[in-house]
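Undergrad: In case you want the letters, here they are:
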Amino acid sequence: MAELPIWQYDTLFLITVVLFGVTALTMQNLMSAAIVFGAYSFLMCLIWTAMGAVDVAFTEAAVGAGVSTVFIVATIYNTGASAKPRKPRVGFKLFAGAVAVATGAFLLSALPDFPAWGDPQSPVNSTVAPYYIENTIRDAHVPNIVTTVLADYRGFDTLLETAVVFIACIAIYSILRVDSAKSTVDEPDIIAAPPAYDPTDSLIIRQASRIMVPFMQIFALYVIAHGHYSPGGGFQGGVILGASVILLCISFDLKFVLRQWTEKKIMLLTALGVLIYAAVGVACMFMGGDYLNYNALDPVLPGDMAYARYYGILLVEIGVGVTVMFSMIGIYIILASNGRFKRGL
Amino acid sequence: MEEIVPKFNYIVVVILMMTGLWSMLAQSNLIKKCIGMAIFQTGIILFFISIGAKNNASIPIVAKEPLGQVLGQAHAPEGSQPPAKPELAAAKAKVYPDPPDVNKLTNPLTQILMLTAIVVGVATLGVGLALAQKVYQQHNSFDEDEILENQTK
Amino acid sequence: MTEHLPILIVLAPLLGAVFAALTSWFWPRVSFPIVLAGLAISCISSLLLVFEVPASGVIHYQLGGWGKQKEYADMVVGIQISVDYLNGLILAAVTTIALLTAIYSRPTVERELEGQQRYFYALFSLLVAGLLGITITGDIFNLYVFMEIAALSSYALLAYGKKRATMASFNYLIMGTMGACLYLLGVGFVFVKAGTLNIENLSQIIPDSLFSSQAAFVGFVLIIVGAWSKMAFFPMHGWLTNAYTYAPTASGALLAPLATKVSVYAMLRIMITVYSIDYIIQSPNIQTIAILLSTIAILVGSFYSLTQTNLRKIACFFIVSEIGYMVGGAWLANAPGLKGAIYHVVADAAMTSAIFMVIGCIIYRLGQADLKKLDGLYYRMPVTFIALVITMAALIGVPPTCGFFSKFYLIQGAAQAGTWHFVIALLISSLIKAIILFRIIEIAYNKVPNPAKDGNETIPREEAPLTMLIPTALVALGLIALGLATDTLVTDFIAKALPAGLTS
Amino acid sequence: MEEPSSTIPLWIVLISSMAAVGITLCGRIPNLRESIIFLAAGLKLTLLLSITPEVLGGETFAFTAFELLPGVGLSFNIDAAGLLFALVSVSLWIPVTIYSIGLLRTNDDRAQTRFYACFAIAISSAVGVAFSANLLTLFIFYEILSLSTYPLVTHNQDDEAVKGGRKYLIYLLTTSVGLALPAMIIVYQQTGTLDFTGSGVFQETSATMLTVLLVMFLYGFAKAGLMPFHAWLPGAMVAPAPVSALLHAVAVVKVGVFSILRVLTGIFGVDRLANAPSLTTIICILAGITLIVASLIALTQDNLKARLAYSTVGQLSYIILGVGLASESGAAGALLHIPMHAVGKITLFLCAGAIYEACGAKYISQMHGIGRKIPLTMTAFFVGSLCVIGLPPTGGFVSKWHLLNGALDSSQQWAFAIFLVSSLLNAAYFLPIVYKAFFAPPSDEAKFAKAAEPSMLMVVPILITATGCLLIFFFSNTLYRFAEQFVTVYAQSN
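Residue numbers (the numbering used here), protein chains in the order written: chain Z, 4 to 348; chain H, 12 to 164; chain E, -11 to 492; chain X, 508 to 1001.
By construction, these hints were calculated from the structure, which means they are not laboratory data.
Each hint should be verified, as a subset may be incorrect.
What the hints assert, rightly or not - Straight-line distance between alpha carbons at most 25 Å, and here's what the computed SDA-like set of lysine to any residue pairs gives: (1) E:Lys150 x H:Glu160; (2) E:Lys150 x H:Asp112; (3) E:Lys56 x Z:Ala309; (4) E:Lys361 x H:Gln162; (5) E:Lys361 x X:Tyr657; (6) E:Lys484 x X:Gln697; (7) X:Lys674 x E:Leu287; (8) Z:Lys96 x E:Lys150; (9) E:Lys151 x H:Ser152; (10) X:Lys670 x E:Asn298; (11) X:Lys670 x E:Asp358; (12) E:Lys56 x Z:Thr130; (13) E:Lys56 x H:Asp112.
This is chain Z alone, in the form it adopts within the complex:
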């Protein structure tokens, strides 16, 4: 028997993950499907931590499992729909099944050509990656290699990613947001059935969330600031900040939150984060370096050339954190209130 890969437990996790995925898709009730999907994502985080991808697991837990499940629940809450069994389109389902099986077989045909799972000498781990591992300390004095690659070596990718989050927010805003005063589009008021429970009278939930929120926010700030040394960074910290506000929305109700966070403030700050990130890049251009080349900021930032990159990364992480926080809040509020920013989940 070939030397078994060390992750015997992971094969177990992988199988359960597949089971969770299939059940999430075949369930009738949409709400339970959303919950199972949340569980599926959390299991996925476990697998990734086992494989050494801690930052990705952290993001998946915060963004993938946490926020997207909340979005789905908000949508289902607003529409109150459950997948009513319709006459199944057997012919089309079989065709789709055939297409999926065919593509699957085609993909698996490349299996023998793949490197084994976890082999350190595979092309992926032996061409560009070693440079990052060996030179991060020399270049940017940041021990967490993932953060440097994220914000410095491939910083342009992260700028575009922040732009993606920003676009998602304004896209959802322009799709759903209906300014009932001016717009000509006629659509029915909220048609959702009144929720089974009335959140305002559950004392325990309100008090517990009221206590938890400040600690969540402090932890989130720690995550953003400490991203250089430990897993974490702009995305994860921003999502946790956003989640703390969303927690308030769910435990109390939208009006309570909208008193401090008006729609205008949320939308402006979403755009501001991207601006911070892009402005840092433009500043590097004006200081003589290429776009997003933090070395050019050295005269402005303390410490030697490498520390310029250290602080450059920090600035950029803050920009990302701001955008992600406010866009998560914005998206949640629009989805939850079916576009009217007044009442909702």
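Since the structure of chain Z is already known, use the hints to place chains H, E and X on it.
TA: Relative to the frame of chain Z, chains H, E and X by itself:
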């Protein structure tokens, strides 16, 4: 058998992706399509992460010896003021071992690609759900067949 | 500042959009000029670069200052964007068309999107930034992120439309994400075997070591199929007709000419630079399938356009058949075919932009764009009608216009490769477009008795507003100018973009 | 030797297009508009005549506007054949313009500006085809001609005109885009060049490909009206008289035949045709069938214009058959037949228009005895028909004479027989009209009473063209020098 076991992760990846693809194509419920889309994307993320993983390698953070040990004062006597700035910077520099061993740390590149993919996935999911919600406002149903009948009416 | 031009092309629309989104809250009137300024900067810098490429060869721009690392077999560590012979022309075409469409879309946005137009121009500018990013980037993963930026903003731009637009946009979202995920998976397969994501490094690694590997082959097919579904190539073209027909005029005028053409460019980039043409010659079975599918795409696009009466639906089916031209031309894998395909990307962007602008003018004035209700169009809107005739002439391939020359190269390439079914499809599609043009001429010109003759009531002449008319006229005349400039474009740019060893 | 690149050919082509622009600009002032046409026609004619001596001396004027494709540009090259065709079309433009001024003014037609503008563009593209040095330029002007004549054909904008126009365009566009375009591209792909050289461009193309290309070209240029694709010509008779006169007797159909002449001599090469019997037999069979069948159909037509149309279809095949004989005098005869037939047929069409104006008679059966009421028109009609039949006092005789010689030189006795039979048929469907017009009792008293010569503006051009038929008989040797020059160019080069 020795062909399958060391490459088990790719099989799981393909299964996950194909369930996602199947549900995007065949499911008539719009929300189910969105969930299927999310599962398809997580499948791809699993593929990328598993090609970057290395046997018995730790997380990609360069471990450093404690600063005190490097400065030679395991426990600083009281009253002695901290060393001057340049020695501190020099010590800090020396704190990290010379280039860390590549095989001991997992591949950071695949991980940051997947950070982007997760965030893009959530963004697309958000927009998909928004569209589904608006479709529900117009047609009062998530089911594709009902919507088609409603449109052609 | 000139060495920063490449990044300016993408950064200007991106920053323009962010500022437009910011100012839309406290000073809404100024968001349109900001976006216009961003597009203008991007257009000027792309034109400057286009003239610089023949002089100084390929221009590379290292983001973050991370160039090639000598001791790591000079792998590019950071992200690199590059302007070369292949994407120089397409950058110039995309930026100019985007600028003209922005000017053009002002009146239609005010009329059609009453209460919802707060973020319209921000999304408009972000879409252009995404498309320009795809064209300019030198990193295949970065191309995926730009693809998502363009996709997300196009879902929102399309969802602005009337009642049926939302469902059409949702279908587009599903198909688009499926395509993007297949592309990402393809990138993964290439990454597993090659280890790097940079196009320049890949173009060296793949030819000398990966030609025989099955994983690289599967990755190639996945990327191509992903690009095909993004560009609405034949089996995956369902979403395009509904999406662009029910969208508001402004988003239709922007998306139709650019979104699909940029995905064709992405396919061309992967085929020519990353995998190189002999890889395609070496795998003939995909080649035959691709050319067969493009023939079917051309025929389906043409015959369906005969059955429709809504002008926008006809234009959408034209796009489906034009995509068949480009993919078929590219997959002929010989010099004239590729020249025809690359030239057609630019020519078709201009043609589709012209026809969607003309239809926009007609909808703005007549309120609908139904073929049967166009009578008297010549007397009511003469300039728009002439622009329509020129555009249709270009689509048919009447000599002085650009359509003729791209068809010339494509047929020549197909004759050289001996794929006669592709030649016949090209000819049939241009004949069908001729039939549609003369059906339009008959209805718009001859059906209504000539008002100049006394005794017939005179038809009031109400042209579209000037800000719509001038871009339409410019693009229509541009078709002829592009046609006459074919020789300089092909010899100076496109011929140099092809690999040297290709059989001429 | 590098021909002197002079811009004369470009100027000649552009004069009438500039005239078209001028016409549209001052559409409001009829007299100024007409004077522009005459100015342009006069200028063009003088320019053509000024370069005739050099061209007859063997010189050629080449000019390349700009490169369209690698190795192929928008380039002109005036040689004897091109100059002859241009001279014919421009010199006949003047009488037809006078005629159309008379016709349109009397009917007080509204869309005159559009009429004259499209006319000018049509003439300039015809001259463009005459001067084009390579197949691409020829194809470009060929297409512009098809598109610019569409408004002329559908001038009356009634249902009948629209249907005629639709048929006209479907035939021409389908054949040009469907057949001529791919054939041209295959030639470019096989040989890398599209220029008309003396000895043809094909080196090692297979015989089957040559025959396929030949058939595609023959039917691609459907303006030449070979049999199955001739139906557009009778269909386009809905156009007003001057349009059908100039375009369907001179400009449009002659462009089709001229393009085939260029392709056969320039691309295929006369010597290749001579020693490739399979090609020449195809040409002769197709042309022969068209010749005979068209003449037979013409016999049965009662509508005068339809009869003239079918006779044109027949006459065109004379020219194609002449070239198909692949002998020098055959090619010379074919080239000569272009001016002869043009002058003759234009007179007939103008007379047909005049007859309709005079007594509203469209059908030959209604035209009995009108000769006594409109003597001038009918005599011109008689001279015109003589020219088309090919009897001595008129020019037609000269070209048929050379065609017959050509048939004998290449020992194609059956071609000789076909020429004679078809000339007889021509006589059979023309002379009865003239005879009935003068000697038969009037078929319709009321119409006969008030029939009178149409306005002088219409009769004078008819007389001019009729005398033209007679003149070219006496000056046929100058025309022959054109043909001789054209043939010698091919003789020395192979």
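Undergrad: Give a verdict on every hint.
TA: Hint by hint, here is what the structure shows:
1. E:Lys150 x H:Glu160: Status holds; Cα separation ~17 Å.
2. E:Lys150 x H:Asp112: violated (60 Å)
3. E:Lys56 x Z:Ala309: The hint holds at about 19 Å.
4. E:Lys361 x H:Gln162: holds (24 Å)
5. E:Lys361 x X:Tyr657: holds (23 Å)
6. E:Lys484 x X:Gln697: holds (23 Å)
7. X:Lys674 x E:Leu287: holds (24 Å)
8. Z:Lys96 x E:Lys150: Violated, at about 30 Å.
9. E:Lys151 x H:Ser152: holds (15 Å)
10. X:Lys670 x E:Asn298: Within the cut-off at roughly 24 Å; holds.
11. X:Lys670 x E:Asp358: Between Lys670 (chain X) and Asp358 (chain E) the Cα gap is close to 22 Å, so the pair holds against 25 Å.
12. E:Lys56 x Z:Thr130: Given pair Lys56 (chain E), Thr130 (chain Z) holds - Cα atoms ~13 Å apart, limit 25 Å.
13. E:Lys56 x H:Asp112: Distance of about 22 Å is within 25 Å: holds.
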